[in-house]
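S.K.: Protein chains in written order, with the numbering used here: chain A, 1 to 646; chain B, 1 to 468.
Just so you know, these hints were derived from the structure itself, not from any lab.
Take every hint as true, because none was put in to throw you off.
Just so you have them, the derived chain A footprint on chain B, three or more residues with Cβ under 8 Å:
| hint | segment |
| --- | --- |
| 1 | 157 to 167 |
| 2 | 254 to 268 |
| 3 | 275 to 286 |
Note that CB positions come from ideal geometry on N, CA and C, so glycine has one too.
Below, each chain spelled out in residue letters.
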Amino acid sequence: MLSQNYIALIPLLPIISFLFIGLIGRAYFPKFCGLIGTLSLLISFSLSAILAYQFFFEIGKVNGVYQKIIALKYTWLQFTPNIAIDMGILLDPISVMMIVIVTFISLMVHIYSLGYMHGDHRISTYYTFLSLFTFSMLGLVLSSNIFQIYIFWELVGVSSFLLIGYYYDKPSAVAASKKAFIVTRFADLGFLLGILVLSYYSETLDFQTLIQRLTTNGTYLSGIATASFLGASALTWGLMLVFMGGAGKSAMLPFHIWLPDAMEGPTPVSALIHAATMVVAGVYLVARLFPVFVMCPIALDIVAYVGIISSLFAAIIACTQTDIKRVLAYSTMSQIGFMMFALGVSGYAGEEGTGFMASMFHLFTHAIFKALLFLGAGSVIHYVHSNDMKDMGGLRKMMPITHITFLLACLAIAGIPPFAGFFSKEEILTACFHANKFIFGAAVLTAGLTAFYMFRLYFNIFWNKDFKSHHTHEEHHHGEAPKSMLFPLMILAGLSVIAGFVPFNKFVTADGAGFETEFHLGFAIGPVLLAIAAILLAWKMYAKENSMSDNVSNSIKGLYTSAYRKFYFDEIYLFITQKILFNLIGRPAAWVDKNIFDGLMNLIASITETVSGSIKTYQSGKAQDYAIYFFAGTLGFVLLFIYLWI
Amino acid sequence: MNTDFFILMKSEMSLTLMIFILLILKVWDEIKDNTTWLYLVNFMLLLNFAIGFMFNGDGSLFNGMFQNSPTLALEKNILNFGTLIISLLAFDWLKSHKHVPEFFMLLLSTLLGMFFMMSSGNLLMFYLGLELASIPLAALANFDLEKTKSSEAAVKMILLSAFSSCIMLFGISFLYGCTGTLNFAELPSLLGSGHLQILSLILIFIGFAFKLSSVPFHLWTADVYEGAPVTVTSYLSVISKAAIAFVFISTLSPLFINLQSMWYNILFLSIILTITVGNLFAIRQDNIKRFLAFSSIAQAGYILLGLSAGNQMGSTAIIYFLLVYLLSNLGAFGVIGLVSALADKENISDYKGFYKTNPMLSWVLAISLFSLAGVPPTAGFFGKMFLVTAGASKGNYILVIIASLNMIVSLYYYLRVVKAIFVDPNENPIAKVEGSLSSKVGMIVCMTGVIIVGFASNIYDLINQLTH
Chain A
1 MLSQNYIALI
11 PLLPIISFLF
21 IGLIGRAYFP
31 KFCGLIGTLS
41 LLISFSLSAI
51 LAYQFFFEIG
61 KVNGVYQKII
71 ALKYTWLQFT
81 PNIAIDMGIL
91 LDPISVMMIV
101 IVTFISLMVH
111 IYSLGYMHGD
121 HRISTYYTFL
131 SLFTFSMLGL
141 VLSSNIFQIY
151 IFWELVGVSS
161 FLLIGYYYDK
171 PSAVAASKKA
181 FIVTRFADLG
191 FLLGILVLSY
201 YSETLDFQTL
211 IQRLTTNGTY
221 LSGIATASFL
231 GASALTWGLM
241 LVFMGGAGKS
251 AMLPFHIWLP
261 DAMEGPTPVS
271 ALIHAATMVV
281 AGVYLVARLF
291 PVFVMCPIAL
301 DIVAYVGIIS
311 SLFAAIIACT
321 QTDIKRVLAY
331 STMSQIGFMM
341 FALGVSGYAG
351 EEGTGFMASM
361 FHLFTHAIFK
371 ALLFLGAGSV
381 IHYVHSNDMK
391 DMGGLRKMMP
401 ITHITFLLAC
411 LAIAGIPPFA
421 GFFSKEEILT
431 ACFHANKFIF
441 GAAVLTAGLT
451 AFYMFRLYFN
461 IFWNKDFKSH
471 HTHEEHHHGE
481 APKSMLFPLM
491 ILAGLSVIAG
501 FVPFNKFVTA
511 DGAGFETEFH
521 LGFAIGPVLL
531 AIAAILLAWK
541 MYAKENSMSD
551 NVSNSIKGLY
561 TSAYRKFYFD
571 EIYLFITQKI
581 LFNLIGRPAA
591 WVDKNIFDGL
601 MNLIASITET
611 VSGSIKTYQS
621 GKAQDYAIYF
631 FAGTLGFVLL
641 FIYLWI
Chain B
1 MNTDFFILMK
11 SEMSLTLMIF
21 ILLILKVWDE
31 IKDNTTWLYL
41 VNFMLLLNFA
51 IGFMFNGDGS
61 LFNGMFQNSP
71 TLALEKNILN
81 FGTLIISLLA
91 FDWLKSHKHV
101 PEFFMLLLST
111 LLGMFFMMSS
121 GNLLMFYLGL
131 ELASIPLAAL
141 ANFDLEKTKS
151 SEAAVKMILL
161 SAFSSCIMLF
171 GISFLYGCTG
181 TLNFAELPSL
191 LGSGHLQILS
201 LILIFIGFAF
211 KLSSVPFHLW
221 TADVYEGAPV
231 TVTSYLSVIS
241 KAAIAFVFIS
251 TLSPLFINLQ
261 SMWYNILFLS
271 IILTITVGNL
281 FAIRQDNIKR
291 FLAFSSIAQA
301 GYILLGLSAG
311 NQMGSTAIIY
321 FLLVYLLSNL
331 GAFGVIGLVS
341 ALADKENISD
351 YKGFYKTNPM
361 LSWVLAISLF
371 SLAGVPPTAG
381 FFGKMFLVTA
391 GASKGNYILV
401 IIASLNMIVS
411 LYYYLRVVKA
421 IFVDPNENPI
431 AKVEGSLSSK
441 VGMIVCMTGV
451 IIVGFASNIY
461 DLINQLTH
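Produce the complete structure using the sequences and hints provided.
M.R.: This is the structure in structure tokens:
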């Protein structure tokens, strides 16, 4: 096993690079900041890969069960003998898997950005933020303490805010970054309350102790299960509040509104943060506390239903959007919904834990192909200088490599065998089929929609009409993106093909012990046929320029418009915040503050001023006056204390 | 009991020795160069400071006339340290002055007087020390020889000093009349009741209140501070005030232990008056020395607040606060002295745009003012916090609330200066001021102290141990 120091280097390297680039590099050698960041991440990734190998194959398994290993623990703030905030590293199958994904995708994005951001005058700032994000995300997944995860959770939020608002001269980017920050921050309030509830009853902040105390029968569990508030037990409340935080970061209903807008950031950032890593933090959080969630079926049901509804809802919207990054954003939301409801329908031990395994599996494959999709979209945007699919079409001739890799990713997300998405989605569907038929039905429908909107996107970009550039200086475009951008695309495409063959059921399971899954051909064939049918439909509608899509959208005009308008969620939120909250609470509070509190303060200040002005005359500057005051003071003291104050 | 004369009186003897060395060198008249004088004096002061840490003893001499203890030794060290810094900071002012050795002879004489006052075991000895401390100070206030304001300050000071000495002597004679002794060891048990005793307590207290510039006996402060050279002003506001506060802790409170409730009542009234009036006056000042004078009046009120606790925690808090106050106030006076000596500017409005031309000095002044105002994380915050905590230990929350509210007022006027330095625009800011090496060293020591003393909790623990 790697020594502690090496493990600590995995998250520390990005923060070192953050400080180094941010404090020194940015000022003195801005050109090399990208390389420094990339290099530090390469080391970080290599270390995580070695660690993962050792964990899964050499030391992680004791008696056939993967252990939770505390690799590092440093008590930071000790509040009471029981409650302390530690900074530590917890290694278990999910955290090890996550650091590999995070460092790998981040490395790909770092390399890709070398080409994509080339020539941007704030490129060093960009890499500074990227390093900060990577550090925070690694800290988040390695946390051994629920408060530590919260700290890094917020740090991730901050770095996401910084990166969404990277193009700070664009008002829409500024608005989007604010929106993302405020919405997730609001959800994080729930998370914090949840932490407080859980730690109040378990009297600890440490993950392992907390899970152990809340899952074994005893005073802690009975205490939290019997305390009830508004008809639900404290356990349910705690978990629901924690899940609220997770839903915020993972863009689940009703906190999803920030994710599509977050696409205002640079596209590689969307690939890293808003597709592959940060947005799955919510899933990771539920997975981290999964043993506790299992103790509370209501909370799990909430997770499942929020997941499936978000998933279906996002898939419907994705079918109508024309901004390619927004399509991908809704697709991300939909896929995260898959992971969520897979967790929600899962049990704990052995084969009942298929859902958990499938969720983690899907997280893994999704990170790869969704990053690929975003990076591919980035290449297209880089070439076309537009996000709108109406400006695209026929690009397969200009960008053959991007085209092929994008196609592979689409096949993977659509669940066509033998690509990565097929296996993970199949596991999810299997788990749903056994647990909840309603969710299963909705999931199959969503999977079909996924295939449809992905290929709608694909055909619109690469087929349909011929590409007409809007730029006069066409000679600058030599079609394909630079090598630094193509290289990550190809690697990710290769992985999208083979990642599905990783035997996740052996490695990442809820209870740590592996189990056997059987592959049912009969069961798999239905969803696959549905996906193929959806692809064919998309081909029919979008492969050539025709009026069919308009006809379809006209025939379901009401539904289409409301889906295009994202079911008016933004408008509802705006109404609630601006009309109701601002008018009923904000304005009266402002009035009270301005007139009553400020007025009081001003009154005190002016009294002080006046008094100070009027006593100034006593300071006449004449020594004899001073002597008189002195004497009067003496007399006053004597009279006061001798005659009055005894 | 260790009665070794040389060990118990080492601080006093070292000062006396220095005075005589300076006198002989002056008479010998070979050293013509001011810089040499200043380096020589600074070196001797450094030695003197070092001696303070060696051979500590505990005991009394001359039939209890003179006494020494570890707490007193620490207090003397603090004063020695402050004098050293003042001498470092005075470099730029004194290097063109005609009477450098005389200045230091007077300065060291007053310090000697303070030491005797603090170490006295008898009211006569005590009075002697007090006069030795105050008469040369009046001469020092006149040390800007060609300025009439400086002479005015000296005259006011000596007249009012004499007045207050009168009143105190009156009190001392009443005390003698009541008890028949002036010995500190015997007095406390003889005191306890009677209007005459209370009267003598009040009169003696007023003598000290004058020195500490507590309201309503503070009126001399502003004029003297404004007229005197900056170095003398800083000495007056830091060293002389600290010495009086030390006397309060180690002599007066134990002496009147049986009249404690009366003692507390007098303090209560003085604290409220001093803090409030000091602050109200400080708001209106435009001369920066006057401004610091009034702010130091308010600070004296906080010292009295610690004193009102009347316990060991209060004493620790006062000594700690005085150390912090010394560092922050000298930091501020260092900058003001430099500007006054080299650019001849003393008004707050002159400091507008100071940051543009003198960024380092601006930071020194700003940090010092923050520390004086008690803004964390400077040491001033901890100093004030301990004082207020000690004051609260008596359970009189009205007092603590008034003191705390006054801190807000004080924040206003301290920040007013900081605003002038950093924010206010000015067409002709004070030109770049280049201080000498020794004044830079002095400021660096102050700034390091202001930051470190706040964080190094062992300093507080050390003081706490000694006052036990």
